[in-house]
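If you read the protein sequences in the order shown, they are chains V, F, W and P. Numbering of the first sequence is given in our numbering, commencing with residue 1 and proceeding in unit increments. Numbering of the second sequence is given in our numbering, commencing with residue 1001 and proceeding in unit increments. Numbering of the third sequence is given in our numbering, commencing with residue 2001 and proceeding in unit increments. Numbering of the fourth sequence is given in our numbering, commencing with residue 3001 and proceeding in unit increments.
Treat each hint with caution, since some may be false.
[As the list claims (entries may be wrong)] Across the chosen pairs, the derived CB separations fall in these ranges: (1) F:1317 / W:2127: 33 to 39 Å; (2) W:2090 / V:178: 56 to 62 Å; (3) V:186 / P:3085: 29 to 35 Å; (4) P:3081 / W:2073: 54 to 60 Å; (5) V:194 / P:3130: 38 to 44 Å; (6) F:1133 / W:2121: 19 to 25 Å; (7) F:1076 / V:188: 37 to 43 Å; (8) F:1188 / W:2127: 26 to 32 Å; (9) V:50 / W:2163: 34 to 40 Å; (10) P:3134 / F:1128: 34 to 40 Å; (11) P:3089 / V:197: 18 to 24 Å; (12) F:1128 / P:3089: 32 to 38 Å; (13) P:3085 / V:194: 25 to 31 Å.
[What the hints assert, rightly or not] Here are the simulated SDA-like pairs of lysine to any residue, each with C-alpha atoms no more than 20 Å apart in a straight line: (14) W:2166 / F:1246; (15) P:3086 / V:201; (16) V:48 / F:1253; (17) V:106 / F:1264; (18) V:106 / F:1002.
Keep in mind the hints are simulated off the structure, nothing from the lab. Where a beta carbon is used, it is the ideal one built from N, C-alpha and C, also for glycine.
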Amino acid sequence: MSAARAVRPVSVASFAQAQNVRRDDQRNEVEGLLPVIAEAFGAIGITKDDVDFICSGSTDYLVGGPFSFVMALDAVGVWPPRSESHVEMDGAWALYEAWVLLQEGKVDAALVYSFGRSSLGDLNEILTLQLDPYTMAPLWPDIVSLNALQARALIDAGKATEADFAAVASRSRRDALANPKAQVAGDIPVETLLEDEYVVAPLRRHALPPITDGAAAIVLAAGDKATRWSERPAWITGFDHRIETHALGARDLTASPSTAKAGEVAGVAAGPVDLAEIHAPFAHQELIVREALGLDGTVTVNPSGGALAANPIMSAGLIRIGEAASRIAAGQADRAVAHATSGPCLQQNLVCVLEGA
Amino acid sequence: MAERCAVIGVGQTHHKAKREDVSIAGLVREAALRALDDAELTFADIDAVVIGKAPDMFEGNMMPELYLAPALGAVGKPMIRVHTAGSVGGSTSIVAAHLIASGIHKRVLTVAYEKQSDSDAMWALSVPQPFAAPLLAGAGGYFAPHIRAYMRRSGAPDHIGCMVAVKDRQNAMRNPYAHLHLPDIDMKTVQESVMLWDPLHYLEACPSSDGAAAMVLAAEDSLSGRYPPAWVHGMAMRSEPTMFAGRDQVNPRAGRDCSADVYVQAGITDPRAQIDVAEIYVPFSWYEPMWLENLGFCALGDGWKLTEAGATAFDGDIPWNTSGGVLSSNPIGASGMLRFLEVAMQVRGQAGEHQIDGARIALGQAYGGGSQFFSMWVVGSEKP
Amino acid sequence: MTAATADERGPVTTLATPIALDFDFTPGVAQSRFLRGLEQGKFMGQRCSVCGKVYVPSRGTCPTDGVPTTEDVELSNSGTVTTFCVVNVPFAGQSIEIPYIAAQVLLDGANLSFMGLIQELPATEVRMGLRVEAVWVPEDELAPSLASVRYFRPNGEPDADYETYKEYL
Amino acid sequence: MADSEVLHAAHHIEYPYSRSLGPVLSAFMTGLRDGRLLGVTASGGRIVCPPSEYDPDTGDDVGELVEVGPGGVVESWAWVSTPLRKHPLDRPFAWALIRLDGADTALLHAVDAGSPGAVATGDRVVPRFRPAGERVGSLADIEAFVPEGGAV
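For reference, chain V alone in the conformation it holds in the complex:
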């Protein structure tokens, strides 16, 4: 288990993300990725030849064609041939794969990227295909409805109220005002948000994420490169992820044991947490993840505005790690927790602990 072993220090040396928009109707995936990867390299003055490994995260179903990751590689320029891999998961898991490789000590730098245009199809139908293909998907339940079931369970259990969901949304949008890459931002009080219509009760409009086209890239570095490429490296000191059962009706939807386990293995509680970037596309999910990670009121949560401010599917998790690392690099935090999620109602969760020097 990770917590028990010595972790080779690996830093998030650089992070870039596309402007998060409702719809990028001009560029294809490659054209959208190019400037993001160029920015990630340019910010630390390196080129593609300085990284030893490349790993990406994406899904075919956003674009409606098989092998969508294949052409995306043209945004990197893998010539001469490079050691390269791809996960059909959020880029946060691609980052995990790269981090694992760096743990062996044979290579010192990796490029991780992710991309996806959520605007092309109907997410309510596409994400249904993640469900059990025999006993769930054939009825076409949509992702918003499933999350409404989870939100209702929280309310029924006395763990939260609709006003709590609105408070998460209000704070996220206000914080997003300071994030130039955010898609949804504004200073709207809780009382006003509570006047929103229900989309699927008990979830009102503000408790849902926006639909976002986006991309992100991170450069990981170890050894000399880590210290050469960053004045104040954001070191990954703990990293783990866990999955729960898929059967929604066999889960306690009000808790996230997979987040709790990943947080425990990653060592979240081993020191004070200054800030947390939580990948909670639906407002109520933030409350569940906070509890699972044991974060109290002193922790700054989602200063970027989080997934409620921009939710580029397949990148939103990776962006949480980038956002947390950026604040450490900028000296705004000493110890941060980043979280990513996948699957219906927080089925799979990843926790990454980052620390300044």
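Given chain V, work out where chains F, W and P should sit, using these hints.
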């Protein structure tokens, strides 16, 4: 310093055109439970699960690791889903092996599968996108021109492809899990089969199969199992762009670089002399002589001569695809893992009728896409 | 475990799950430029500013250098067959009567070949190095699609020397 | 390049997937066609419905199939005021997690309750099966669940 990693359990399904007797979960569990049994372990002993498959559109099940997590005993554990096109079964094995080599986990279950009969492989691979070029050739039509280019460059005679097709199908008769069992196959049958994509005959192409493969990988201090471990001596992945000016699709540099990397790790300087047996991704017959050259088993232009001389036959000095290979079973997502798994079986001495006596060092290779993604590993019966 | 049933149809063994999804597809800026060229009866490519290679169609990036391609280049209507196959098999989405020749055509001035149909020559006479030209649909049928090119046919020039195209197989 | 020059087109993908079921799901779907609901005995004697070939938590093999329901209790629900085009009902309804009588896990289905005031966590519901001749062996053989004793 990297930890040593070994294969301690293997399992595969009976591969068929349509496995109508199982669900998707049933198919992957068949392979996974066999691998666990071979390792004398249960799900409870496994630290993490790494799963791979080709496009989700084959089954219409997006990011299937979510649905399959409980079926593979992954609840409460890390689970990763790899997708690197046709090489995915190999890449998945490598991602799993790095979880051991990095010291993060002690025992990892890795699984790859495809249940193509839920849809139709030709459909899923060729969903036409707007503005795309009109479909001219189909899957084999993509590869046939490169085969023609190989023949032109090497001067190989026409019958070499048919020889590979016969050899691999005869080998499949020794493998109870193989999809195609064609007891009467011979040169005449292959040469008289329909010419699909000239110069490729029907019997020179792989079938479309349902199937799954699984392995249990373990760290040096966590060995178990019914057979001795197969030690990983080297592993590597390489990718190059899909289309670029001057790209050599007959002898891709990514393949050459990938093999050079694993050979250095495994201490191999003369592949033909040092490798006892190999399982190489040959979905179309002519890829055997092409990969013989790409993998450095001979000089450029000489691959077909090795095939013609019987060097790659079951009783040759470098037996290739004694399991019957991709030409005999092709559950796409699992096909690469089957190559990795079969060579582990060889050095563990558990390959039954298709066992090469005394196999100690073996090479598994998978490739994907338009020959731009490669993954390989070398396993051995002795600790590296 | 058996699925006991009194139903004369016997146990249910399969589940039909039709899946239909709709997307708004865009090929992006660079490929749109190529497709708009086809609409005007010409092949438009792009040159990489680093390696100087000309890509047609361009996807907006040089696949080996990983930089945006920005310089537009109009290419010749003629090219060379670098390699080919005879298609004898029917498959989903096919629109041409078999057998026919699908060839890799390298347009003059380009550094990447693409697949085209060869007509006006018996299949048995198609060869590597054959010089061909594009035959377009009538002007009023031109569209932003490769379907605007009906096929390629021999342009009467002597075959190209193997050395001139061997890097583009 | 001006906006109008970047091309766009509708892209429709469609396939009639046909899924083989394996023994447990085959029994479950056959039961639905016969108008019965089945669960399966999993680890520790827990009854899991909808059934799977494996324990949903441990992955262990499962035991015998047992009949559950037909009625059950709503464990959580969500009100859909504007059904989507692929939803099972074309009028406002609730999605609900329903723990059928005799089962220890919940099934996801639609509840045709008429109005959000007519459904609550803890309410009892019963399935409204389609007529026998229209059933094919799928969860859609249940048109929806309805409040027990309630007229909709």
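Status of the hints after comparison with the structure:
{"no.": "1", "hint": "F:1317 / W:2127: 33 to 39 Å", "in the structure": "holds, 37 Å"}
{"no.": "2", "hint": "W:2090 / V:178: 56 to 62 Å", "in the structure": "holds, 60 Å"}
{"no.": "3", "hint": "V:186 / P:3085: 29 to 35 Å", "in the structure": "holds, 31 Å"}
{"no.": "4", "hint": "P:3081 / W:2073: 54 to 60 Å", "in the structure": "holds, 56 Å"}
{"no.": "5", "hint": "V:194 / P:3130: 38 to 44 Å", "in the structure": "holds, 40 Å"}
{"no.": "6", "hint": "F:1133 / W:2121: 19 to 25 Å", "in the structure": "holds, 21 Å"}
{"no.": "7", "hint": "F:1076 / V:188: 37 to 43 Å", "in the structure": "holds, 39 Å"}
{"no.": "8", "hint": "F:1188 / W:2127: 26 to 32 Å", "in the structure": "holds, 28 Å"}
{"no.": "9", "hint": "V:50 / W:2163: 34 to 40 Å", "in the structure": "holds, 37 Å"}
{"no.": "10", "hint": "P:3134 / F:1128: 34 to 40 Å", "in the structure": "holds, 35 Å"}
{"no.": "11", "hint": "P:3089 / V:197: 18 to 24 Å", "in the structure": "holds, 20 Å"}
{"no.": "12", "hint": "F:1128 / P:3089: 32 to 38 Å", "in the structure": "holds, 34 Å"}
{"no.": "13", "hint": "P:3085 / V:194: 25 to 31 Å", "in the structure": "holds, 29 Å"}
{"no.": "14", "hint": "W:2166 / F:1246", "in the structure": "holds, 8 Å"}
{"no.": "15", "hint": "P:3086 / V:201", "in the structure": "holds, 19 Å"}
{"no.": "16", "hint": "V:48 / F:1253", "in the structure": "holds, 18 Å"}
{"no.": "17", "hint": "V:106 / F:1264", "in the structure": "holds, 14 Å"}
{"no.": "18", "hint": "V:106 / F:1002", "in the structure": "holds, 8 Å"}
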